[in-house]
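Colleague: Just so you know, the sequences run in chain order F, H and Z. Our numbering numbers the first residue of the first sequence as 1 and each following residue consecutively. Our numbering numbers the first residue of the second sequence as 802 and each following residue consecutively. Our numbering numbers the first residue of the third sequence as 1075 and each following residue consecutively.
A portion of the hints provided could be inaccurate.
In the DSS-like style, the derived pairs of lysine-lysine whose C-alpha atoms are separated by at most 27 Å in a straight line are [said to hold, decoys possible]:
| id | chain 1 | residue 1 | chain 2 | residue 2 |
| --- | --- | --- | --- | --- |
| 1 | Z | K1121 | F | K25 |
| 2 | F | K5 | F | K25 |
| 3 | H | K861 | H | K930 |
| 4 | F | K480 | F | K185 |
| 5 | F | K221 | F | K278 |
| 6 | Z | K1268 | F | K705 |
| 7 | F | K616 | F | K5 |
| 8 | Z | K1121 | Z | K1105 |
| 9 | Z | K1363 | F | K116 |
| 10 | H | K849 | H | K945 |
| 11 | F | K116 | Z | K1125 |
| 12 | F | K480 | F | K522 |
In case anyone wonders, no lab produced these hints; they're calculated from the structure.
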Amino acid sequence: MADGKLFGTNYIPADLVAKVTGQAKYAEDFRAEGMLFTKLLLSPMPHARIRSIDDHEALAMEGVMGIITANDLPETDNLVGSDRALTMEPMYQGEPILAVAAVDEETAAAAIETIKVDYEPLPFVIDPLDSLRPGGPNARVGGNTIVDRKEVVEIKWTAQDFEEADDSMPMGEAEVEWEVGDVAKGLEEADLVLDETLYHQSQTHHPLETRSCMAYWQNDKLYMHVSTQSTQRTAGAVARGVGIDPTQVVLIAEYCGGGFGSKIAGTVNMPIAALLSKKTGRPVMHRVNREEENAYGRARPGFQGRVKLGFRADGRITAIDMYLIQDNGGYGRSGDFTSASRCASLNYTPLNMRFRGISVLTNTPTRAAQRAPGGVQITAMLEPVMDKAAKELGLDQFEIRRINAPDNDTTYGSNEHHVTSAYVREALDKAAEVSNWAELKAQSGQTNGSKVTGVGIGLSSYVAGSRGFDGLMVIRPDGKLYVHQGVGNLGTHSVFGTARVASDHLGISWDNTEVVWGNTSKHLPHSAVQAGSQTTHAHTRANLAAAIDMEKKLKEVAARTLGGSADSYVVAGERVYRRGNRGSGLSFAQAAEKAIELGGTFDGHEAPEDINDWTKGAVAGLAGQGLVGVAKDNYGGEGDLWSFVIGVAKVEVDRETGAVEIQHYTAVADTGAVMNPRGLAAQIHGGGVQGFGLARSQKWVYDPKWGVPFTQRLYTAKPPSILDVPLDMRAGTVDLPDPQNPVGAKGIGEAPFGAGVAAVLCAIQDAIGEFDLKRSPMTTDLILNQLEGVPQPITVLATDV
Amino acid sequence: MSIFQWAQNPWGQEILVRISWDLLYLAIAGGLAFVIGHFVYRTKNPPKTAEAPNIGDAGKDIPEKVVRHSLAARLFHWVMAVSMITLLVTAFFPILGIQFNWVPVHWMAGVVLTAAIIFHIIHASFWLKLRNIWISGKDWAEWKQEMEYALGKGEPPPKTDKYPVDHRLYHNAVMFTGLGVIVTGILMMSRVENLIFPRNSYLLAENTWGWVYLIHGLSAVGLVGLIITHIYFAILPEKRWITKSMIWGWITKKDYLANHDPERWVVTDKASK
Amino acid sequence: MAVIRDTMAEFDLFQPASIDDALALKRRYGKTSWALAGGLDSLDWFKDRIKRPEVVIDLSAVESMRGIRDIDDADGVEIGAMTTLTEVAEHAGILSRFGLLADAASKVATPQIRNQGTIGGNVTQDTRCWYYRGGWPCYRAGGNICYADTPTAINREHALFESNRCVAVNPSDTAPALVALDAKFVIRGGGGEKVVAAEDYFITPATDITRMTILEPGELLTSIRIPGTWAGARFYFEKVRDRQAWDFPLVNIASAMKISGNTIEDIRLVVNAVGPRPLRLTDVERQLKGQSVTEEVGQAAGELALLGARPLQHNGYKIPLIRNLVKRAIRGTGA
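The task is simple: from the sequences and hints, build the whole structure.
Modeller: Written out as structure tokens, the structure is:
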């Protein structure tokens, strides 16, 4: 177990100066001789079939070097399971149809305008419920849902389903269903039953850096500068998209201006630059603009939901009966809604639970995981209902979460899994303490002129770790430790933080540690994707394993060089020496030289059997360069890794204008042992701020007649600005290690998001009373209408308005 | 010069928006060219005044003041004329650069015109004679003869019914263009805020709206030309006797006999048709 | 032709150093030219390839259009049209005498935009109706339809007053403040100089549905003069928006009141983002003269302000919002 000298302390990440001074090069900053520029022709219609394309004028234009369409992509027999870079049947307004490579962007854009595309408009769907109605349109020819990621089927509900529902959400035939216990009985036994119809919006990821990329070929190898969350794992995705072998790809991705799940590995547009480069024989830059980013840059699916919750008088949830209609976009089947059911099951540990769901195709951007997929939505939807129940039962907001909170013995989900650790009650207590809840609660309902104060909390969770990846490091003859990370630098700095575990274990200073990252030609090990908040957990373990291997080898090298048994040596102070005789022994630099002499497993000429093939290749690449430490994370474990965040918010609502000021936000995490306190606070607060956006201003707006969006620019999409963030922001952690990670750490990336949405929504509800429309975002106009008794212009389930 | 104005709709499809305003200038130019051309020709070839034949006793029952247009007919004409001028001014002055709040005045004048036309259709159908606007094969020969005589060739054409062929041709033209602007105009009211029915810009399909605006525009510029010529003829000295009848309602017996055939346009009944 | 909303199309760029040169260029190139101030409106249009002037006349080098100076024996100020919003918001003289304008200017967009955006541009800016900005062929774009006023349209941010086929709103924050301060706009053109009252600078669709102001193609707004009339009066400015920065107003209000004791001697009251031009509430002003500054008076004024409002499907919230903002302008926030 690490001493925790570096692990657990703040540090300056290696990329900081480059980022702040502008020296950091992102994908769109690269230039190469003869480089061409790309512009895309995007579909103007929400759904259409392309009958023909006449691009002869464009091809004849001076400066235009090549054009590709979907016909130039690698063959596939599954056009519905996932989208591709280009299409002949656009499934949403903005989906790319063809790409032009020209000597400059002006020429490419002018060329696009000369192209004539003959479209056959097809029926389209924006609101999932429209498609479920008998006789309603389908987003795809042939159906409105995709099963098994390849088959399009049609599911229509009956007129009776809709009639029976009245103003609530109808609940017709489901696609997915599971039940644990007996929900009907649980509701019967309840002292309070709530039946709520709820809505959560779909939303774009909005990374500040768009997913531009630059590609060129050399000797049959594809070199790409990309924007991606991962690194090692992205190479494979690029290879698949282009139709080549992963060994033919060199990926350079040192910086990433945000991804939030939309750039986990490859992004759908990467093949465009690669294929245009192949076709034209020149380097090609595809600089993605904000409109494209909002089109194919991915999005979180929205839900229309109906939930029945049964409560005992003491607040214990006897049953949750949950039905979610998922707004799926046009391809595949998003897993958000089933993840949502798992989150609800875990957060509230209901005595009985049933989940039903259906994922309906719509002609809107393709969905992908967005920071806590499913978790954010269900947290935002259910937490205000919990507050409503608390109020009706005469309980405090903290009380009602405490009594339902998971702990280390909880089982959850349809298959009743265990978690490795869940210190939620501790987190609740700490959140109450850090936020000074007693004082906040006292301000609830207080008025200040036209303003009224509201307070709220939000309990949010998300998965937080995986196992079984490889760590790889080398001590070179310069005496420094080079930790090779296949982990991407997506901005969380886990690429640096997880390396500190190795430095700690080997007792080497951070100054003498170099992290090697960002370029797949630099011999990177098989790593987790940077998604699912798994990196901190997975790579503290993997790097610890590799460090332990390194330590073992240091001792053996010393023993073979200086005699005695390896056990008699210790590693400390950047040396390996016989116990009690610090003066003897080898420096790390010397050990590295010796390792090279010894060869075999010491310097990477031989690698362990159980590591991933990719890592084996990396080890082989490092052979002969120093003392190599490499190992697979074999620590094993049982149960699922989850982290939890409690958010606490105070808002002031102006009853005369509907304006909301968020005045206080505290977030406390149960995330195992803390790797980097400042980084953790940034994650907790950053995710929380994203939550503020979903709670207050961010939504999609589509014109329902044309199926065209209006929120594709940042000034219309309205993510929160720094001025929407309160000055009083506090963070805390429970700091109880996860028992199954030798390092004790769990991941934290995702859990904070839902807490932010929920705490703010709950606080607003506390201020103005139960929402007449239980939906997000709770914008100024909806709040004012409610306060003034103006009928709301939309129904609770209205989509993208 | 273009005939149509196109645009790209939200789906990038080419749609017809309206006629090109070049056609307005064409209609004005055309109308003026006709008027100037006619006036020049007329100056060189002054029109021959028709003589009233002496029919003696046969004309004893013909009144001294022959009623040509009843009060109802005259009121209709002037209401229509004023509303029509208002419509044309409100429609085209802004295009010519004179800006003012024209839309409400335009549709209100349009409502007035519509009411007047509805009145006229009923009134003309049941109280007046439909043959007054009907053109048959025989009329073409007469018209040809009339035109040739006007150009100085051939014999004077026979005296006419109440409305000579060219009048009836003109009425047909105004009828079609008038109905064109009215029917399309009523539909177009749903594109703006009006006090009569709710606004619904999506009442018709986009392509259909294109046709509606096309017909409205073509009819409207057509009316510009037609009205220029109509007003010109109305103020020509040799036609003023007709113009006066649209104000006072009657023509002199002399003018009646000089221009009309008493067997064709019978006026000895109490009410002339 | 396929549509692409990316990459500016070519234009000839002129950077005149004087107003006369700029006007000469405007005369020469007429309707194919475009005057560029801070660019925060223009560049959006250019980058979307919706508006493509052949000639762009960049005014950034016209020094005589910059700066704030005292006029009328230091009672009033004259602000060059190319003065940035940051300069206006931070100018000592404006802060002390015409705080209303400083307040309004400081709430426009973001600090970065205020550093580059000009006051002339802010009052002359085009509307932000998303149908129009999306390049749809609506009335304002020369077509014959309003997409925002249809049974299915999303018109949350659109107009309730003075709409005439078009329901877009004027989005400026400084415009209502300048109307409230009885500012005068100085326009230079082919025929020399003309000075118009602020409220006469703006037009409605009834006059010309394709523009927001009276500026003709050959004219430039060169400066804005604020007379000393309302200096030091009691001001109120409030902008209600969805987030705290980088947002156009849902509704904003600017008022200047001369108070004696507790009585309103004179008042100018202007609401914006509710119609195609800043709406000066003259009926309400007349009513308020001689009344006391109380909640009840404010409430009655708010009700009166609503006469003639015609809400659309999604903007009904603007009714209580206007009423309450008028009330607050009279009463203060009561905080």
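Colleague: Hints first: check each against the structure and report whether it holds.
Modeller: So, going through the hints one by one against the coordinates:
| no. | hint | verdict |
| --- | --- | --- |
| 1 | Z:K1121 - F:K25 | holds (24 Å) |
| 2 | F:K5 - F:K25 | violated (32 Å) |
| 3 | H:K861 - H:K930 | holds (24 Å) |
| 4 | F:K480 - F:K185 | violated (64 Å) |
| 5 | F:K221 - F:K278 | holds (10 Å) |
| 6 | Z:K1268 - F:K705 | violated (46 Å) |
| 7 | F:K616 - F:K5 | violated (31 Å) |
| 8 | Z:K1121 - Z:K1105 | holds (19 Å) |
| 9 | Z:K1363 - F:K116 | violated (63 Å) |
| 10 | H:K849 - H:K945 | holds (17 Å) |
| 11 | F:K116 - Z:K1125 | holds (21 Å) |
| 12 | F:K480 - F:K522 | holds (16 Å) |
The structure does not agree with the numbered hints 2, 4, 6, 7, 9 stated previously, though it agrees with the rest.
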